[in-house]
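Visitor: Protein chains in written order, with numbering that gives the first Met the number 0: chain A, 0 to 145; chain B, 0 to 732.
Careful, some of the hints might be misleading.
[Unchecked claim] Distance windows between CB atoms, simulated:
1) A:Val-54 with B:Val-17: 33 to 41 Å
2) A:Asp-15 with B:Leu-228: 36 to 44 Å
3) A:Ala-124 with B:Gly-267: 27 to 35 Å
4) B:Arg-185 with A:Ala-124: 27 to 35 Å
5) B:Pro-74 with A:Ile-14: 49 to 57 Å
6) A:Val-54 with B:Pro-33: 28 to 36 Å
7) A:Gly-19 with B:Gly-267: 53 to 61 Å
8) A:Glu-28 with B:Arg-265: 23 to 31 Å
9) A:Asp-15 with B:Glu-138: 17 to 25 Å
Hints listed in this document are in silico derivations from the structure and should not be mistaken for laboratory results. Every residue, glycine too, gets a C-beta built ideally from N, C-alpha and C.
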Amino acid sequence: MSEVRLTVNGGEHVIDVPVGASLAHVLREELGLTGTKIACNEGHCGACTVQIDGVPRLSCIMLAHTVEGEVTTIEGLREHPLVDAFVRADAVQCGFCTPGQVVSAAALVAANPEPTREEIRHAMAGNICRCGTYPKIEEAILSWQD
Amino acid sequence: MARLIRTEKEVEGRFEEVWIVVEEDPLEQWPEGPLSVVGRDAPRQDGSLRVRGEARYTADIKLPGMLHAAVLRSPHAHARVQRIDLAPALALPGVRAAIGPGEANGLEEEAGWAGAPVAAVAADTFAQARAAVEAVDVEWEELEVVLDPEDAVRRGLVTGEARRSERGDVDRAFAEADVIVEGTYRTQTVLHNSLETHQAICEWQGDTLHVYISTQYIWGIRQEVAETLGMPEDKVRVVCEFMGGGFGAKNSPDEYTFAAAELARRTGRPVRCALTRHEEHTSAGNRNSTIQRLRAAARSDGTILALEGEFFNSVGWSGWSSPTEGPMRALYACDNVRTVTHAAKLNAPPMKAFRAPGFAEGTFGLECLIEDLAARLEIDPLELRRSNYAESNEGTPYSSKNLEECYRLAEPHWERRHEVRARSDAVWKRGVGMASQIWYGGGGPPSYAWVRLGSDGRATVITAMQDIGTGTRTAMAQIAAEELRVPLEKVDVVLGDSARGPYASISAGSSTTPSMGPAVRAAAADAREQIEDIAEQRGLPKNTPVEEVVGLLEEAQILGKGARGPNPTGMSVLTFGVHVVEVAVDVETGEVRVERVAAIHDVGRIINPLGASSQVEGGVIQGIGHTLSEERLLDPETGRVLTTSLDAYRMPTIADVPEIVCEFVDKPDEHLTNLGSKGLGEPPIVPIAAAIANAIRDATGAEVHELPISREEMLRALEAAKEKERRGAPAAV
């Protein structure tokens, strides 16, 4: 066990976790932030996406002790207009990948408020949705400011 | 009034005769077309919970004192445990219990595939459990590994008898035909890969077992767990409020549930057993590969005279033999049809139902063969399909069939082919293809729902069903709101707990809406009749708003109950559709891009057009993965799964998605329940592979015979087409 300091959604946390624990594990198990999902646990699917200083990162393959910067999870983005845009567009089926999709999309629109379809496809290609909500995700991101 | 009937029950194309008690369904169907709530777009009622990460999945449940289990799996594709010693595992830190072969259902001495469960350990953390599993000392006796399905069938290594069907005089029809086409088609093994892996948490409270599980069938889990453990069913409570995808793989409890139950019993603590992604790829089920040897005979006017198919289902170590021959038997009018379907028992991971099992595979073979026939007859493929239109299902009338209307809706998309082809250049060849869809999806009884209204004017639908992500809560709320004549936002749906609601259908076989919807409507109608009765007693007009009447109730409540009535007797309830696909093929590299898909389906009344379009898009996209990129590979020597990660096993991303146009006939099936709705989860995945293959043929002349259509297969087909052209097309037989 070793101490780790994390800033998550604006709050400071100092906790003891085993060396080698992933950020995703710490968020879910230690901080109770279960909106971040673990689906592959090896950085292939994007379900665990969080932002670090606004940049989307895969928290399941990031060691908690190496995190530098402010972590934003879906819990910190619940009031983001993208949430309503996803619901309106039906960009959610089983929903297991969806928080990660929203975190990636929020980083995209922060950097580029009016992305083109091509830009959306490029930025969101790391988030797998097995239910196939992709067309609706595209629509949600295109209409997030409505 | 309940009555006992003998009826045929269908799930995923498997039929059984059962005695069931059904309730009469006296409600008239609503008129066709959009109503106040039903037939209109509704965003998901639980959408916000899911999007905001507040929905609690099995993966998120953390019970006090909960332990974590890991499963020891066979490294060999076929082996027997000679000796097993759990002591080294039990000696490790944090380990609380360990069980071996025979100590929980599913843990067995004989391992039939690489990944078969053998033992399980529970520890304080998952990492400790995994380490302990590694420490279990096993001595294996390796046995012969059989991986070739045709070899297995020849040797009598099968999971069951071959399934044979024959009508008419097939040999004579082939002898009298003007044209005969034949081909061998192969489909690969694909993985469900729900993002939430298979998992369960088991906890004993007294003599009751509480099972929190990611499942498509709460009541099936309850029944199977109770039967396996020798318990009364009511002593097993099954909970699944939110689940992260199933696609057919989560209909049964399996070793992870039984191991968790036994480890929980031994430790007196709740135990979670969750599969890893790698285990999901080796041990959680798959759509099995097939080999299809097909022949068709026709008259020169385009009449299909005979169809014949020999099908090999590579079932794996266990599972069932899906109806790969189904489309050949049912899609077209044809008097002479002969099929035989073999079920090869291999040292490979067991199959599980996967979104239209058998029909997705069989439609690829059949609809490519029909395309071949159209080419040989020089008849337009749409015209050929129309002229062999089946008017009955082998003599049994359809409850409804609007495939002709689907074909009519397909015309403008099909007309685009001239313009699409004209956009070809030297490298990128473009073309358009189509394929038809037939599948089940009628649902059936029993299923029940309750509706509760209070003086606040809100209604709650209560039924112990599951919403696997298809928008079930919303569809049920819409049906109740329509019947009660209240706004949609006044209706909540409570589901997901066998202890807190009546029996509900499996969410598989495209049966959720057609099974549950009529029960919900019946419950709402029962409540509405009571409300009208109260209004009458108070001297209020019959059309007094519900809110006003129930506002008089104070603490009193209105409780309605409803049941799913029977399916129409002597009728086939089926779904239909057609896909028209546009592709571009790079003839130098073999890259295939799907550019546009028009998906047209006839599934009776549409409850929520927005949710329905999502179902279609999802099925089409999953089908594109099956067609172009997904393949679970086994090492041909050892039988081990080579594609154990989402890096090696390639599913579609947002960048792979074409333009998808969804259209529905949206005509209620007048013979089917008080709703006239059929299911939609599976139909969209059925025709997509064949439609893509046929579009490739239209673009390039190349005939693909294998899924996935990898660049290797595409280049082989292009080379074969060139060779055929050099030799000159063979004359008709």
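Visitor: Confirm or reject each hint.
Guide: So, going through the hints one by one against the coordinates:
1. The hinted window of 33 to 41 Å between Val-54 (chain A) and Val-17 (chain B) is violated, with their beta carbons roughly 57 Å apart.
2. The hinted range of 36 to 44 Å is satisfied by Asp-15 (chain A) and Leu-228 (chain B), whose Cβ atoms lie roughly 40 Å apart.
3. For Ala-124 (chain A) and Gly-267 (chain B), the hinted distance range of 27 to 35 Å is not satisfied, since their beta carbons lie about 47 Å from each other.
4. Between Arg-185 (chain B) and Ala-124 (chain A) the CB atoms are about 30 Å apart, so this pair conforms to the stated range of 27 to 35 Å.
5. Between Pro-74 (chain B) and Ile-14 (chain A) the beta carbon distance is about 37 Å. The supplied range of 49 to 57 Å is therefore violated.
6. About 45 Å separates the C-beta atoms of Val-54 (chain A) and Pro-33 (chain B), a value inconsistent with the hinted range of 28 to 36 Å.
7. A hinted range of 53 to 61 Å is violated for the C-beta pair Gly-19 (chain A) and Gly-267 (chain B), which are about 30 Å apart.
8. For the pair Glu-28 (chain A) and Arg-265 (chain B), the supplied restraint of 23 to 31 Å holds, since their beta-carbon distance comes to about 24 Å.
9. The beta-carbon spacing between Asp-15 (chain A) and Glu-138 (chain B), approximately 41 Å, falls outside the hinted interval of 17 to 25 Å.
Going down the numbered hints, you'll see the structure goes against 1, 3, 5, 6, 7 and 9, while the others check out.
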